[in-house]
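**Q** Chain by chain, the residues:
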Amino acid sequence: GAVVSQHPSRVICKSGTSVKIECRSLDFQATTMFWYRQFPKQSLMLMATSNEGSKATYEQGVEKDKFLINHASLTLSTLTVTSAHPEDSSFYICSARGGLAGGRSYNEQFFGPGTRLTVL
Amino acid sequence: GENVEQHPSTLSVQEGDSAVIKCTYSDSASNYFPWYKQELGKGPQLIIDIRSNVGEKKDQRIAVTLNKTAKHFSLHITETQPEDSAVYFCAASKEAGKSTFGDGTTLTVKP
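Residue numbers (my numbering), protein chains in the order written: chain A, 173 to 292; chain B, 15 to 125.
Keep in mind that the hints were calculated from the coordinates and are not lab data. Here the structure is a predicted model, which is why all the values come from computation and not from measurement. Take the hints with a grain of salt, since some may be wrong.
Unchecked claim - Only pairs whose alpha carbons sit at most 30 Å apart, straight line, appear in this in silico DSSO-like list of lysine-lysine:
| # | chain 1 | residue 1 | chain 2 | residue 2 |
| --- | --- | --- | --- | --- |
| 1 | B | K112 | A | K236 |
| 2 | B | K124 | B | K56 |
| 3 | B | K112 | B | K36 |
| 4 | A | K213 | B | K108 |
| 5 | B | K108 | A | K236 |
| 6 | B | K71 | A | K186 |
| 7 | B | K72 | A | K192 |
| 8 | B | K112 | A | K213 |
| 9 | A | K186 | A | K213 |
| 10 | B | K56 | A | K227 |
| 11 | A | K227 | B | K112 |
Claimed, not checked - Residues on chain B that point at chain A, a partial pick, calculated with CB under 10 Å:
| # | residue |
| --- | --- |
| 12 | A33 |
| 13 | P48 |
| 14 | Q59 |
| 15 | K85 |
| 16 | H86 |
| 17 | K108 |
| 18 | E109 |
| 19 | G118 |
Even for Gly, the Cβ is constructed at its ideal location relative to N, Cα and C.
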């Protein structure tokens, strides 16, 4: 299957700082990338959908000025948590979806390994 | 919007037994139903998927069945092994749409 990487895997920061998380599709072009947030023992909560070269679409209740998403190329999307606070501590996961190349359909999503953010 | 319900929330089986996890969805337009396995501290991994034009799909010890009329689909794992222990999520989506996930099932396979 397709490979999606995330960096960093774990980050600890002080309250008020900004943190950038990178999501890369390593062996396919991702026309769409998704960013999720997951709390312990809970399901994945979709934060936003980003398409290469256009503005991200945020889910209801997600502050777009706090969670900045950039999808500058077909293999890279970034999520920046601005002015992070302890309540932003969570597991952030990206997923990438490509087109019909390689036998895949538009539906298949491939997830990154996640980034554990801890805000002190 | 789409609503996906998943049952059970926890499942414990003996090694070698079968495990079945069930999901229902609400939007009859959904046509893609993947299953993901998530191990602790890792991202979800696609293990099998099924599209609405197929009723059943099998991949070694894993199978998925879909009943479009009843709007439910199930994951079947046979001959379970301890390494199958993880959280399993079902999801539903329309073509090129975003996925709606179930709440997850924590599967424990006892040696």
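**Q** Are the hints correct? Go through all of them and say.
**A** Status of each hint after checking the structure:
1. Straight-line distance between C-alpha atoms of B/K112 and A/K236 comes to about 18 Å, which keeps the hinted pair within the 30 Å bound.
2. Restraint check: the Cα-Cα separation between B/K124 and B/K56 comes to about 21 Å, which is no more than 30 Å; the hinted pair holds.
3. This hinted pair checks out: B/K112 and B/K36 have alpha carbons roughly 21 Å apart, not beyond 30 Å.
4. In summary, the hint linking A/K213 to B/K108 is supported, as the alpha carbons are separated by about 26 Å, within the 30 Å threshold.
5. Between B/K108 and A/K236, the direct Cα distance comes to roughly 25 Å. Compliance with the 30 Å bound is thereby established for this hinted pair.
6. With a CA separation close to 48 Å, the supplied pair B/K71 and A/K186 exceeds the 30 Å bound.
7. With a CA separation close to 40 Å, the supplied pair B/K72 and A/K192 exceeds the 30 Å bound.
8. Under the criterion of a C-alpha separation no larger than 30 Å, the hint pairing B/K112 with A/K213 is consistent with the structure, at around 22 Å.
9. Of the supplied pair hints, the one linking A/K186 and A/K213 holds, its CA atoms being roughly 25 Å apart against a limit of 30 Å.
10. Between B/K56 and A/K227, the direct Cα distance comes to roughly 28 Å. Compliance with the 30 Å bound is thereby established for this hinted pair.
11. With a C-alpha separation of about 16 Å, the suggested pair A/K227 and B/K112 falls inside the 30 Å cut-off, and the hint holds.
12. About 19 Å separates the beta-carbon of B/A33 from the nearest beta-carbon of chain A, more than 10 Å, and the hint is not met.
13. Hint status for B/P48 relative to chain A: holds, with the closest Cβ pair at about 7 Å, below 10 Å.
14. Here the hint on B/Q59 is kept, as its CB sits about 7 Å from the closest CB of chain A, short of 10 Å.
15. The beta carbon of B/K85 comes no nearer than 18 Å to any beta carbon in chain A, farther than 10 Å, and the hint placing it at the interface is violated.
16. For B/H86, the shortest C-beta to C-beta distance to chain A is roughly 18 Å, which exceeds 10 Å, and the interface hint is violated.
17. At its closest, the beta carbon of B/K108 sits 8 Å from a beta carbon of chain A; the interface hint therefore holds under the 10 Å criterion.
18. Proximity of B/E109 to chain A holds as hinted, the smallest CB-CB distance being about 6 Å (cut-off 10 Å).
19. The criterion of a C-beta within 10 Å of any C-beta in chain A is met by B/G118, whose closest approach is roughly 5 Å, and the hint holds.
The structure fails hints 6, 7, 12, 15, 16 (numbered hints given earlier, in ascending order).
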